[in-house]
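Okay, here's what each chain looks like letter by letter:
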Amino acid sequence: MEEELLVSGRMNQLIDPQLNIWHWQIPLYLFLGGMAAGILCIAALYFIRGRENDYRTAVRITPFLAPFLLVIGLITLFIDLRHKLFFWQLYTNIRLQSPMSWGAWTLMVITPVSFIWCALHIKDIFPNWDWKFKWIYDIESFFNKYKKVLAWIMLIYGIILGIYTGILLSAFNARPLWNTSILGPLFLSSGLSAGAAATLILSKNKSERRQFARIDLVLIGIELFFIIHMFMGFLASTQVQIEAAKLFLGGPYTMSFWIFVVILGMLIPALLEFMELSKFHIPAIVPAVLVIFGSLMLRFIIVYAGQVSRWLY
Amino acid sequence: MRYAMAVDTKKCVGCSDCVVACQTENNVPHGFCREWVVETMNGTYPQLEIEIRSERCNHCINAPCVRCCPTGASHFAEGGIVLVEHNKCIGCGACMASCPYDARYPHPDGYVDKCTFCFHRIKIGLAPACAAVCPTKCIYFGDLDDPNSDVSVVLKKRKSKTLIPEAGTKPQLYFLI
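Taken in sequence, the protein lines are chains G and R.
Going left to right, the first sequence walks through residues 339 to 651 as the working numbering numbers them.
Going left to right, the second sequence walks through residues -2 to 174 as the working numbering numbers them.
The set of hints was computed from the structure by calculation and includes no laboratory data.
Take these hints with a grain of salt, some might be off.
[To be verified] Only pairs whose alpha carbons sit at most 30 Å apart, straight line, appear in this in silico DSBU-like list of lysine-lysine:
id : chain 1 : residue 1 : chain 2 : residue 2
1  : G       : 584       : R       : 167
2  : G       : 486       : G       : 470
3  : R       : 156       : G       : 422
[To be verified] Derived Cβ-Cβ restraints for the label pairs, each shown as a range:
id : chain 1 : residue 1 : chain 2 : residue 2 : range
4  : G       : 474       : R       : 24        : 20 to 28 Å
5  : R       : 26        : G       : 389       : 55 to 63 Å
6  : G       : 450       : R       : 26        : 33 to 41 Å
7  : R       : 84        : G       : 477       : 54 to 62 Å
8  : G       : 351       : R       : 39        : 23 to 31 Å
9  : R       : 75        : G       : 490       : 27 to 35 Å
10 : G       : 588       : R       : 143       : 46 to 54 Å
11 : R       : 82        : G       : 588       : 28 to 36 Å
12 : R       : 84        : G       : 447       : 25 to 33 Å
We treat Cβ as the ideally placed atom computed from N, Cα and C, and that holds for glycine.
Take these sequences, add in the hints, and give me the full structure.
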């Protein structure tokens, strides 16, 4: 029997008895960034494949959400910093080994790209939009000429952004729950499904809605597959990761994870979308909102539970 | 040059003098500490074994905090000492999340702070405050590359261990057992 009897002198607020450094800002940002990444990836993919006219909302309308999501996300990231006036240090350094540095530079690329993409489609929202100055029209026609290049940049950086939100956490081997490389693809697919759900809400076209219900269904399947594999990996791993998995298998996060993320965020929307596709009439907003909610809860629960999991010594 | 520290768990009485000396020397803000004392009890009464450890940053060779820092504020200084440059630190918390020893804390001024092996003292030839003040002289500090340094000699003579070597960090804080 081993017992840690007494710990003297150790009294760091925010660290003891468990890590308590990241609060609502980080999971909210991971969600907003992931959803923006999903929206931009889907838009870019359909544009590159020349399906702009079939999936008009996804390519031309939904991306208008992305700049807002990214800017709110950047603000929450800024709020999270403790040494705020030094934030610019992120942009005077490139650290290839640090996922956070990757993320900062990715946002630097994808945020302006998302603004440009929206500017090119502004007439879809405001038909009488006038740029007023000739030089803005010149810039617009320049980007219109290279729209395909822009779409490729958006696709590649969207994937990096979506994956990085998970890799950010999985790089920390000190927190066994986060230390699994499956978080990258899991957060990417969760972001993509939140992005698809946004189009499902905004689209007025029936065949587009059906297509996005199908996409969401597939993505939910992929997410469930990743979640099952995450737990299989944990349970087959070292003691610290077994302990991490137990947080969700009987531990304090069991109810919130399985109810909010898996049942409400995945299984019920999947069932509703399946019913929608087999001719039942389900209001599209219900499964879509559930998917977005589940995607948000996934980030919150993983970020909070990860700070509880630790090495034992 | 490779600075390291060894703590004799057989000699340490857990008085916490090192903790207070560190807080005084380094002006550690109230409510935080750069080092601490852990006491573990093993076995069933009456066969009990006690181990007392004075712990701090392990100044790892493969330091995850240096790897995860997005600005390069966490860096290796001379002799492998891990330091934080306050004016480069943005207080993002990545290093605190990456440390398996939870050796860092957020300083109320915004930056992240931790044990420096008393870099300012060893530069002028003094021992770190914790080692200098220890009443049982159980903390050994020195250069591992110098075979005659206190820490090299005692590590050659005695059996030692490091904390969670399986975390892959190559810690440089040794415990004599």
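Against the structure, the hints:
no., hint, verdict
1, G:584 x R:167, "holds (28 Å)"
2, G:486 x G:470, "holds (26 Å)"
3, R:156 x G:422, "violated (46 Å)"
4, G:474 x R:24: 20 to 28 Å, "violated (55 Å)"
5, R:26 x G:389: 55 to 63 Å, "holds (58 Å)"
6, G:450 x R:26: 33 to 41 Å, "holds (40 Å)"
7, R:84 x G:477: 54 to 62 Å, "violated (38 Å)"
8, G:351 x R:39: 23 to 31 Å, "holds (30 Å)"
9, R:75 x G:490: 27 to 35 Å, "violated (46 Å)"
10, G:588 x R:143: 46 to 54 Å, "holds (52 Å)"
11, R:82 x G:588: 28 to 36 Å, "violated (44 Å)"
12, R:84 x G:447: 25 to 33 Å, "holds (27 Å)"
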